[in-house]
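Protein chains in written order, with the numbering used here: chain A, 11 to 329; chain B, 11 to 329; chain C, 11 to 329; chain D, 11 to 329.
Be aware that a few hints might be false.
Note that the list lumps identical chains together, so a pair holds whenever it fits in one copy or between two copies.
As a list, the in silico DSBU-like pairs of lysine-lysine whose alpha-carbon atoms are at most 30 Å apart [unchecked claim]: (1) K325 x K139; (2) K298 x K188; (3) K298 x K325; (4) K125 x K325; (5) K139 x K125; (6) K139 x K298; (7) K298 x K125.
It is worth saying that the hints were derived from the structure and are not from the lab.
Computed from a predicted model, the values in this text were never measured in an experiment.
Protein chains: 4
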Amino acid sequence: MQRIDEAAEGVFVIAPTPFNEDGEVDFDSIDRLVDGCIAAGVAGITILGIMGEAAKLLPDESEAITRHFLARVGGRVPVVVGASAPAMVPLARRAHAAMAAGAAGVMIACPQGTKTEAAVEAYMVETAKALGPDVPICFQDYPLTTEVNFTVDTYQRIVERCPTVVMFKHEDWPGLAKLAEIRRREREEGVRRLSILTANGGLFLASELHLGADGCMTGYAFFEALVQICERFTAGDAERGEDIFDAHLPLIRLEQQPGVGLAFRKEIYRRRGLITSATIRRPGPVLKPSDVDELDRLLARLARRLDQLDIPLPKGLTR
Amino acid sequence: MQRIDEAAEGVFVIAPTPFNEDGEVDFDSIDRLVDGCIAAGVAGITILGIMGEAAKLLPDESEAITRHFLARVGGRVPVVVGASAPAMVPLARRAHAAMAAGAAGVMIACPQGTKTEAAVEAYMVETAKALGPDVPICFQDYPLTTEVNFTVDTYQRIVERCPTVVMFKHEDWPGLAKLAEIRRREREEGVRRLSILTANGGLFLASELHLGADGCMTGYAFFEALVQICERFTAGDAERGEDIFDAHLPLIRLEQQPGVGLAFRKEIYRRRGLITSATIRRPGPVLKPSDVDELDRLLARLARRLDQLDIPLPKGLTR
Amino acid sequence: MQRIDEAAEGVFVIAPTPFNEDGEVDFDSIDRLVDGCIAAGVAGITILGIMGEAAKLLPDESEAITRHFLARVGGRVPVVVGASAPAMVPLARRAHAAMAAGAAGVMIACPQGTKTEAAVEAYMVETAKALGPDVPICFQDYPLTTEVNFTVDTYQRIVERCPTVVMFKHEDWPGLAKLAEIRRREREEGVRRLSILTANGGLFLASELHLGADGCMTGYAFFEALVQICERFTAGDAERGEDIFDAHLPLIRLEQQPGVGLAFRKEIYRRRGLITSATIRRPGPVLKPSDVDELDRLLARLARRLDQLDIPLPKGLTR
Amino acid sequence: MQRIDEAAEGVFVIAPTPFNEDGEVDFDSIDRLVDGCIAAGVAGITILGIMGEAAKLLPDESEAITRHFLARVGGRVPVVVGASAPAMVPLARRAHAAMAAGAAGVMIACPQGTKTEAAVEAYMVETAKALGPDVPICFQDYPLTTEVNFTVDTYQRIVERCPTVVMFKHEDWPGLAKLAEIRRREREEGVRRLSILTANGGLFLASELHLGADGCMTGYAFFEALVQICERFTAGDAERGEDIFDAHLPLIRLEQQPGVGLAFRKEIYRRRGLITSATIRRPGPVLKPSDVDELDRLLARLARRLDQLDIPLPKGLTR
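Could you put the whole structure together from the sequences, leaning on the hints where they help?
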């Protein structure tokens with residue numbers, strides 16, 4: 011059985027949930043999306059995260075989507091399923107259902123309203139216990155959305171008390187110093203080393219790889235670029251990796267915006283033929299004509315810049 | 011078919027969701043709760059609100075709870091079902107399922123993150139349209155939790171554009187001037203008059219009745235007191251109504267606290283025999299020994315004060 | 011030299027800052043206010059807090075107000091001066107200026123944006139060091155306004171590391187369990203015992219006195235009632251104290267509202283002749299006619315209730 | 011007398027406030043900073059903004075800093091002074107003092123806690139009236155910090171009602187569609203055209219110039235790059251402008267981070283010799299060794315990229 015563990019590395023792409031124009035789940039697009047990601051060399055796929063519009067799904071839809079993704083992936087890469095919930099009962103139900111369906115682990119963030127660091131620690135300890143020893147946990151730190159903040163001390167206590175927490179989705183912002191401090195404690199103080207995958211849409215990916223991140227777990231419509239960047243770093247050619255990163259940074263920044271960022275991302279996915287419609291479930295952001303113009307322009311610039319760098323254009327990007 | 015409308019008045023009690031010690035839904039307690047509320051003379055029952063721990067339920071639990079409440083009520087009073095959701099699809103699904111099961115209307119609040127008044131108006135217009143002409147809406151205004159704020163101008167536009175919005179759950183805080191201004195516009199400017207039921211745990215109930223509220227939609231473990239207060243006001247004896255209100259105010263204030271307030275409320279329900287266990291689904295507040303001491307003391311004082319006022323003690327309150 | 015210390019008890023009244031109709035500081039009213047409070051038996055006066063509109067003052071006004079209050083008080087009771095600031099330099103300047111002018115201590119809260127408990131602890135340790143050994147600190151815990159949350163563990167570390175923190179302004183909400191836990195640790199674990207004065211407008215004063223608070227540091231337009239309540243508790247007649255408390259609770263609750271609560275408070279002060287105008291500096295809340303009606307009604311009820319209890323009516327309250 | 015007006019364009023650089031190692035204001039560095047900015051071709055200088063640590067200054071320091079900046083600038087470019095305040099009295103005092111000292115206008119944002127759009131409009135109308143006809147206002151829209159959100163409808167009403175609002179500091183995020191809609195209404199609906207300068211550290215500057223921004227009012231340690239970018243756009247060579255922008259984007263992104271971003275910015279200023287110390291007033295962010303390493307690396311990359319583009323390296327950037 012495939013499970014995520016502390017050795018995970020590379021790109022776990024946060025998959026969007028495709029809908030058709032009427033807002034119904036588009037299962038055919040899931041197939042194309044999965045195949046496209048795997049062909050690009052992602053190390054894993056994460057579904058039902060915030061960018062997967064998980065909160066906007068009906069429960070039976072969430073289950074069907076999970077099953078469909080897992081079936082299409084067919085064990086080619088591990089699949090992590092978002093299972094955050096306002097209470098232990100639904101959290102555990104979702105997590106166990108995901109694992110039963112073949113997931114490789116679950117992603118959990120502390121719920122909004124967790125006000126103190128003691129409460130963060132208690133929550134994660136209770137969560138790990140509720141899920142049991144067979145559910146690997148990717149612990150997500152995303153204060154921009156959850157408003158839950160904690161220090162490396164709290165992180166360390168959670169790592170010490172929760173053996174099933176094997177992966178850290180690093181998404182604090184600013185967060186470079188926190189990442190560096192975690193790596194330092196692992197090296198110098200024997201703290202158990204987790205797989206650290208970074209996020210925030212990849213906005214600091216190159217810096218994070220320099221600081222010791224094992225990869226990223228985030229969404230970006232040109233996910234093959236994330237793969238290339240990580241590969242170049244792993245291969246010892248960080249400079250080339252960072253050239254690729256810089257070329258994509260204007261678009262990464264566009265997608266990283268709260269709200270409308272997802273609309274840009276889905277529109278690019280649509281243009282690439284990976285999903286049929288860029289629809290976001292209502293209420294949600296919609297691209298204005300000025301946004302589309304801006305996207306066109308930035309895509310054309312990206313193509314030119316990749317040409318300068320002798321990087322093959324990703325599918326769906328034309329010069 | 012029973013439906014809430016603009017003429018609704020009296021007490022719509024926000025029902026807690028009873029759990030047993032293990033956190034499983036306790037359907038037997040629902041029966042006692044329903045019978046107790048109806049015997050006390052409530053005008054309606056509202057289920058699956060925030061204080062009903064709606065967000066902590068599994069979807070099949072929510073459905074089973076709705077069916078069970080509706081079956082037990084058996085049409086004796088209208089039942090309003092909370093249906094707020096982060097997106098139109100789950101909102102409409104829940105609302106239509108509730109109506110199909112026999113609900114008299116649904117309660118909807120704008121989701122957190124609705125940042126401008128234009129967005130509030132657009133959201134409610136779209137919601138009313140998505141639910142169709144046969145789903146009466148109780149529109150909830152609860153900025154302390156949702157962080158969504160709007161003026162009476164926006165309220166008025168929603169009332170004008172959404173004929174199915176028939177009830178306003180007034181829960182802004184401070185909110186007395188807003189309530190007064192809505193009533194003034196109805197009287198003087200011909201704005202459609204809604205049923206306005208107030209909330210915030212009843213913390214300002216007497217003032218709100220003076221200002222023209224039609225009753226309240228809120229939770230309080232001695233719900234018969236809410237009924238008595240509203241009855242006294244309707245009967246023209248506001249002074250006596252307010253005496254009863256003041257007697258209960260110390261406990262109302264205790265229950266109105268975020269978080270631990272629900273733990274106090276469920277503990278009183280438990281002592282009254284209306285529910286078997288005071289359990290709140292984890293993570294959630296738990297009464298400390300000092301809290302229990304304080305509750306004991308306040309209950310004893312309430313009993314003495316009701317005696318002074320020649321008010322019969324509610325079931326479960328002893329001197 | 012008068013200094014607050016760990017033995018402080020009773021009522022430290024949070025004084026409003028009086029303005030005339032044009033929004034200019036009204037120094038004559040300060041005189042009446044000071045004399046009225048001292049005549050009522052307050053144990054101390056706190057100026058330039060949030061309810062004193064400190065943030066709305068010009069720096070020279072703050073200094074003049076501080077000097078004027080201190081001169082009028084003339085050492086009859088200790089005066090605590092609010093000195094919270096976004097940085098150490100203005101904090102220290104204000105605190106030292108206040109002490110030089112004759113203050114008995116300063117009140118400090120962690121600034122908004124202090125995100126972790128480690129940061130709270132570091133902030134208070136640095137503050138205490140910056141102020142030096144001669145500035146007694148009243149440490150304010152007011153998350154409803156500051157959005158800064160911390161546990162009793164952090165409280166304890168601050169108490170252990172900062173000998174000049176001698177007073178705790180307890181204003182967490184809900185906060186009864188936190189207060190009880192602090193008192194328990196003092197009794198059972200030898201944590202240094204501070205003077206704990208509670209706040210939130212006195213909304214839970216009786217319960218807090220039962221739980222071991224030494225008094226309160228808050229505003230309420232009938233401050234003599236706060237004094238009477240504390241005196242009754244100290245005299246061993248808590249029941250009578252709580253009767254007085256309950257009589258005032260409807261108005262306490264009215265004043266405790268954010269924003270408009272201060273407008274109610276200043277209006278009552280005005281009616282009592284303690285200040286000449288109820289003006290709040292713009293932008294700020296203004297009472298609507300419906301608010302004034304409600305206030306009239308609640309004051310009349312208070313007078314009747316105090317009559318029933320054989321409590322002399324405070325100055326300015328008529329039947 | 012120099013005044014900002016609707017025709018302003020180019021780069022208004024947000025100046026940091028230099029401190030020496032002890033946290034005292036460093037007036038000598040102000041001189042170097044001013045001369046460096048003007049030599050680089052900035053169109054204006056804005057002082058005492060959030061990034062100028064305005065809230066951390068003593069009032070006499072603020073005044074001295076204003077006078078010193080204005081004296082050194084000596085009328086070479088207009089100087090805008092931040093004057094946001096929690097109340098009209100200090101706002102007006104600061105604004106009038108700044109104008110009396112020679113400022114060309116003031117920058118005003120609605121205070122945190124302005125909850126509805128009606129309140130935003132009322133606040134700006136009152137502000138404009140309080141400042142009178144001779145104080146040009148730069149209206150700042152910065153919800154990431156203020157949590158105040160408004161639509162273009164509200165913007166339009168403010169523009170219509172407040173003739174002295176001549177400049178809009180566009181800092182909503184995401185904000186491209188808002189900017190485009192304002193420009194559309196100016197073109198198509200006759201809304202008065204303001205000078206729109208964008209901010210957020212320049213993170214979207216090139217896109218904003220494409221959408222019709224007149225320049226930017228923001229901080230970035232290589233301010234000459236902002237000038238070059240705006241000049242290229244004005245000269246009709248947007249492509250070259252955007253090449254320069256993209257080269258700087260990794261550092262712009264680093265500085266745009268809340269908190270630590272300012273520490274990076276001041277450190278670069280220090281290395282460039284424009285300020286003597288990178289000190290931020292406590293409590294404030296401090297660069298960790300890992301941050302410094304990352305900064306070194308990004309600066310080296312910037313130098314290489316500028317070389318590729320045949321752009322002269324800015325002073326203080328070495329290859």
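Practice item. Would you list, in rising numerical order, the hints stated earlier that this structure does not obey? Key: Result: hints 1, 4 break, sorted rising.
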